[in-house]
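Take these sequences, add in the hints, and give me the full structure.
Number of protein chains: 2
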Amino acid sequence: MIILGVDPGLTRCGVGVIEAGHSRRLSFLHVDVVRTGPETPQDARLLKIFNGLGAKLDEFAPDVVSIERVFAQENRNTVLGTAQAAGLAMVAAAQRGIPVALHTPTEAKLAVTGDGKANKSQVQKMVTKILSLNTIVNPPDAADALALAICHALRPAGAIEGGEREQHLTPAQKQWADAQRLARPGRGVRRDM
Amino acid sequence: MIILGVDPGLTRCGVGVIEAGHSRRLSFLHVDVVRTGPETPQDARLLKIFNGLGAKLDEFAPDVVSIERVFAQENRNTVLGTAQAAGLAMVAAAQRGIPVALHTPTEAKLAVTGDGKANKSQVQKMVTKILSLNTIVNPPDAADALALAICHALRPAGAIEGGEREQHLTPAQKQWADAQRLARPGRGVRRDM
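Those sequence lines, one after another, are chains A and B.
Numbering-wise (UniProt numbering), the first sequence opens with residue 1 and increments by one.
Numbering-wise (UniProt numbering), the second sequence opens with residue 1 and increments by one.
What the hints contain is simulated information worked out from the structure, not anything from laboratory work.
All C-beta atoms in this analysis are idealised placements derived from N, C-alpha and C, irrespective of residue type, glycine included.
Heads up, a few of these hints could be off.
To give an idea of the interface, some chain A residues facing chain B are shown, with a C-beta separation under 8 Å as derived from the structure [to be verified]:
#1 Met-1
#2 Ile-2
#3 Ala-44
#4 Ala-61
#5 Asp-63
#6 Val-64
#7 Arg-76
#8 Met-90
#9 Val-91
#10 Gln-95
#11 Gly-97
#12 Ser-121
#13 Pro-156
Facing chain A, from chain B, some residues (calculated, C-beta under 7 Å) [to be verified]:
#14 Gly-87
#15 Ile-98
#16 Val-100
#17 Thr-113
Given below as structure tokens:
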């Protein structure tokens, strides 16, 4: 299964692609950052991100796109651009009939470091290790995009459907499952927004 | 000049089209609301809005698209969906090479009612009057979209470039010019978001 992760942003939009094989074996395929400058009009910036993401989807034909879930409580200076980039990623995927999964930053951090509050550098280090890369993934937006893809690949099955299987989760998986439950529609983010 | 106004929203996205002729004569061309339900996945909702707006742009081939400027301070439950719909409107316009203008709700209200704090029903009433329509424009999202188009058509020239011409503005136009200045990039909304 090919998973394309998107760390949405107006200035730097990270894109990371991995392949998830048997026994949760993960292989690195691609990483890139779509960049736009504040000197460019907003409509041109958004179009560049939309086209950039579309080109990656066409190139890698992922089975699923894993996008960071954006919360209204985030940094007021960047939250609208982040939400817009996330929206464009969703539309680019939907246009191609590719399913979309949303994961919170906490889930992504937990998945790669075991700590939902890990800092950027810890995420970069662990993403590099998990994917057996020779050099640290940089910038953090690129590592975050790969972390979102890894997060989707390694998500505990029990965390999705809830119920009995969660009893067998490790403490980190349990914490992650709790984070996922909290992020579900109806909790924190209303669906009719 | 044909102007297409967009009142962005995830549940109801208003679209209003007018023609602005000589001597600020305005004619009504079209009004509609693209609707999506909270039971639909977010990617499918955004795609429906994107396709709906694209179809209107192809049908009316406007010279400019006037979109409501979204602020991070707005209602937390709806601001992300609103920002995403506005982003999609910008991309749909940019894909077609149509210029985009952003206007604040205050500017739009001032333009049609002379009061930047007018309520929904006052905006509906005045839009209906300005465009010589026989029945009240409904829902408010439809009226807001037309108000954004009217706002762009009637914008005081002095308010755009600033400077000398503003001295000859009426008090309402002056108030509007001030509102525009406050809404400019670098004031209240950072461009690198």
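Practice task
Against the structure, test the hints numbered earlier, and report the numbers of the ones violated in rising order.
Solution key: 1, 2, 4, 5, 6, 11, 12, 13, 15 and 17
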